[in-house]
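Make a model of the complete structure from these sequences and hints.
Number of protein chains: 2
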Amino acid sequence: MEATALIAQLADTARLAARTLVAASGADRAEALHRIAEEIAAAEVEILAANAIDMERAVKDGMAESMQDRLLLTSARIHGIVDGAKQVSALPNPLGITLRESTLANGLHLQQVTVPFGVVGMVYEARPNVTVDAAVILLMSGNAALLRGSSSAESSNKVLVEVMRRALAKTTISPDVLQYVPSHDRSTVQALLHARGKVDLVIPRGSAALIRTVVDDSTVPTIETGAGVCHVYVDDEADLAKALPILINSKTHRPSVCNAAETLLVHEQVAEKFLPMALRELSDAGVRLHVDQKVEMIAVASNIPVSSATEENWSTEYNALEMNVAIVPNLLAASDHIAKYGTKHTESIVTENDTHAAQFIALSDCAAVMINASTRFTDGEQMGFGAEIGISNQKLHARGPMGLEAMTTTTWIVRGNGQIRK
Amino acid sequence: MEATALIAQLADTARLAARTLVAASGADRAEALHRIAEEIAAAEVEILAANAIDMERAVKDGMAESMQDRLLLTSARIHGIVDGAKQVSALPNPLGITLRESTLANGLHLQQVTVPFGVVGMVYEARPNVTVDAAVILLMSGNAALLRGSSSAESSNKVLVEVMRRALAKTTISPDVLQYVPSHDRSTVQALLHARGKVDLVIPRGSAALIRTVVDDSTVPTIETGAGVCHVYVDDEADLAKALPILINSKTHRPSVCNAAETLLVHEQVAEKFLPMALRELSDAGVRLHVDQKVEMIAVASNIPVSSATEENWSTEYNALEMNVAIVPNLLAASDHIAKYGTKHTESIVTENDTHAAQFIALSDCAAVMINASTRFTDGEQMGFGAEIGISNQKLHARGPMGLEAMTTTTWIVRGNGQIRK
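Read top to bottom, the protein sequences are chains A and B.
Our numbering numbers the first residue of the first sequence as 957 and each following residue consecutively.
Our numbering numbers the first residue of the second sequence as 957 and each following residue consecutively.
One thing to keep in mind: the hints can contain errors.
Copies of the same chain look alike in the list, so a pair counts if it fits in one copy or across any two.
[To be verified] The calculated SDA-like cross-link candidates involving lysine to any residue, where the alpha carbons are at most 20 Å apart (straight line), are: (1) K1378 / E995; (2) K1198 / R1377; (3) K1114 / R1168; (4) K1016 / A1032; (5) K1229 / P1285; (6) K1042 / M1023; (7) K1378 / E1344; (8) K1126 / E995; (9) K1042 / M1019; (10) K1229 / A1183; (11) K1042 / V1171; (12) K1126 / E1237; (13) K1250 / A1061.
Bear in mind the hints are in silico, worked out from the structure with no lab data behind them.
Here is the structure:
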């Protein structure tokens, strides 16, 4: 079948099936997630066999080892997926919550309540765990899901969706709320991105290039996730004993993710004291340093290997042990640098001065501002959401880590007794 | 200057100026709106003179009279604009409101607070009052505005922006937060829609065609406003004495706007009782009726003029005294009709049965559901928002009438004392 017709059919089927999700109570949906967790645990052998087919093809095709690692499923990773599904099932029901309520002078009673989006498309790359992680968050928030993973994970994803559908068949929720989207060519992604009216929302997860393509091409509303050129700014009134571990943690704790820091900005008043130890510790941790001229002088004096930062460096999300370092004359200059090169994800200031912190917050146009804390805390689980489907890097709708609530929209319910406009 | 460069320059200037808006308190912004209201009132002669130029060109170009009426400014209309600005200035400050707050086990303090979008582009058609209505809502919510009206209102809009900037020059807020975007050709719209990274949000207001173009072409996030194919469903358990005024009000109170009803659906159990009087009253009010076969039989028996509805009729937003009428076998069939032809704006059910109302709510995937009330109540002022920049017809971000709150996004502020990820 041609891709546009196929996506339309999958979306229509999913939308009709979603009525069973809306009719189900929060407890019913939690129970369905439990079934899914159990079914996945029971299907471990089947899932590992399917993953072995993907892995064999990946090796044959010469896939990079880091990518192979993302594709690989193991018994431990399947347990992780199962635990994740159980955790989401234990979260509070995000639907039917009254956000605003009032009674007008004419007697009309207004309620703004949370409702699902409807049919949500996920477009993602190699990691097959996203198939389940995304599906359970979407089901728990009452949404049907069209799951379009990478062709390299085709047999893993196909089996994971089959197993989840098998679990749903034992509940009041129709298995058709989960739809596997064939991934052997790009046409299904294109069709999904243009299924306006059929699909309510598309969420891309993966590389910056994938996200760019999805956000730019789509006529379906999208939520841009991911790209993070995050900064740590060490203020002139910073406690340097806090600044050092915050810096090292922000850069090295998990360099491959979006909330890792890429650039260190240091106030000139504390640069000579802070930078020799900071550069030394970064360098010892294996971090390649791209620095401005003033930093280079300090590095050379301390015999720390650095290279001159290019214009491109300042706006690069390395996803690796590399970092840019610059000295700035003041907080405003730090904010200007961030405004020019940042991606509005997470910015951290280390300062003991509350006024400086407030200025930094006001000038930082981003999803999260850290004051004396690691950039790594911009994370749904860390922030107590219990689960995360991604981190929104846009201003429309949810901003920052997105849990169950972010996968709902609202409707206004207006109850009257025959009121008409005067 | 080439359009892309021009828009980039206007947006950069506006973004820098927006720092004065962020630095201003809610009271400062309210005061600025008061100045704007006063300045507009004082500049009445100047504004009417500019409008006369637009009107003269409109007449010469043979603009339709209904369009001429939208373009026209009068002393009374200017007073309306002034009052509107004063009303917005009296609304509560929507910025800096803490929506969620918690302290994590590791001592981190989390706050989700409302912040402005930054630079918002308005693309709108003939009516020059939108220039001020939109500007004051955006300023009150801390946003800078790029105002791109219709070329037919060029001199009116230019003077209105000049007058508002003159008012801002007397405050702590930079006049550069308001930017007039030249409208003599389409290139500035295209440039605005593609100013990703320069403009944070674009809101179109005007015809369905304008909105479609903006939403489809834009790489800047947009909020789709407007199109409303709204339904009134008269249930088998309706109080017909309530149903009739609700129907007439929904259709005829102001047929040209998006929350007017276009289609009446009647449960077959009450059709023979309700339709003769309903069709008669609609017809007497000058409403042209497009009906299905069963309705046609009833109409013919009552000697009421109707025509057979085409497939196109069911999905048409008339913005005029025309209405479709169908008989449905049950509530589910009514919901299926709405799902097929509706635009997810406002749906109204007339029923005395709470279970039926609940089913209708669950099946209506729309911005607002009315129970025993006119569709015309989906309106920011009616719903107590005090002002409205438009009605969102999409699920992402705000849904339904958008007041000041809808013009804000959020940021997470995370305060720590040196916390790092374990």
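**Request:** Find the hints from earlier in the document that the structure breaks and name them by number, from lowest to highest.
**Result:** Violated hints (numbers, rising): 1, 3, 4, 6, 9, 10, 11, 12 and 13; every other hint is consistent with the structure.
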